[in-house]
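Trainee: Sequence:
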Amino acid sequence: MIDSLFAASRPVLVATAVLGAGLALGSGDSAAQSWPTKPIHWVVPFTPGAFTDVAARLVTDKVAARLGQPVIVDNKPGAGGDLGARLVAKAPPDGYTVLLANHPGFTTAPALSKDPGFDPVRDYEAVTGMMKFAMLLAVHPSVPANDLKEFIAYVKSRPGQLNYSTPGVAMPHNLAMVLLKQAAGIDIVHIAYKGGAPATQDLVGGRVQAMFGSWVIVGPHMKSGKVKVVGVSTASRLALAPDIPTIAEQGYPGFDVTSWNGLFAPAGTPAAAVAKLHEATQAVLNTPEVREAVAKLGLETFPIASSAAFSEQVRTEVAKWGKIIRDANIKPE
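When you read off a place in the sequence shown, starting at 1, and then add 931, the result is the number in my numbering.
Simulated from the structure, these hints should not be mistaken for lab results. Being a predicted model, the structure only gives us computed values, none of them experimental. C-beta: ideal position from N, C-alpha, C; glycine also. Errors might be hidden in some of the hints.
[Said to hold, decoys possible] Computed Cβ-Cβ distance ranges for the label pairs, DEER-style:
no. : residue 1 : residue 2 : range
1   : 1180      : 1251      : 16 to 24 Å
2   : 1114      : 1168      : 31 to 39 Å
3   : 1237      : 1077      : 39 to 47 Å
4   : 1075      : 1167      : 23 to 31 Å
5   : 1088      : 1023      : 23 to 31 Å
6   : 1081      : 1147      : 45 to 53 Å
Construct all of the structure, not just a fragment, from the sequences and the given hints.
Mentor: Printed below as a string of structure tokens:
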């Protein structure tokens, strides 16, 4: 009797379970579709006033206006940006905590650190690119070179005798020179400094002979004649210095080192929330007001069609720079 009653009630129990699961799924879908319903936190893994922080604050109010919720910048500096990346990787995947990360520091972390505490592909949903910038190859006036060909020839004539400065091993400044060393077959010694200011000071002072740096850092010294610029790291020329040819133009086709930053959400964040944040951010970046403000900093906006396209670019960068780092025998720290 009990067995027959249980058997008879089983379809009802199954139907109830299925209905409950459907309601739960529907509730989750509804929450994703209505996102956002509360403030969104953009974790910037650097100090206030740093490049990434400035980039975030240029757009957050405008993104907030489009989404209808506040966008709050949370500075979480430490471990060269890795601390903030770890925090976001472990955050709830609901779209309310995202990371504004820099390439190449973020994308090269697995190759340059024994245990960064996160994987840039596995642990995040790539949301959108935001801003990008070129670097200029600057040399001290004592170096008898006015273009890249002359600089390469001069370095080759003095293997291991010349130095270049950078703000650190994992910084784009160093990786650009690593790539040039591989492409041109030159031997120039790396000296890593604790920040861009001392690295630049020693170039201007002649204690090192070369450095890759952003327009904001290098431009004023170029205008004053304290350094010479022999090439641009990106595939296209810099809008603020259109007369300076790219490295690719000067005999190294395919050479392209573009530093960028972009938004990343924890893995598992609903696709609807990712898409909304992508669309709102790109819409803001495409406004004349923001494009003009970005250009004054020597930067460009980073237009990208979709989160899927950005995700594919991240995967490509991780693979590309991992190989370059291994080929250069740069050891994880």
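Trainee: Decide, hint by hint, whether the structure agrees.
Mentor: Cross-check of the supplied hints:
1. At roughly 21 Å, the beta carbons of residue 1180 and residue 1251 sit within the given window of 16 to 24 Å.
2. At about 19 Å, the CB distance of residue 1114 to residue 1168 disagrees with the hint of 31 to 39 Å.
3. Taken as a hint, the range 39 to 47 Å holds for the pair residue 1237 and residue 1077, whose Cβ atoms sit roughly 43 Å apart.
4. For the pair residue 1075 and residue 1167, the supplied restraint of 23 to 31 Å holds, since their beta-carbon distance comes to about 28 Å.
5. Between residue 1088 and residue 1023 the beta carbons are some 58 Å apart, a value that contradicts the proposed interval 23 to 31 Å.
6. Evaluation of the 45 to 53 Å hint for residue 1081 and residue 1147 yields a failure: the beta carbon distance comes to about 26 Å.
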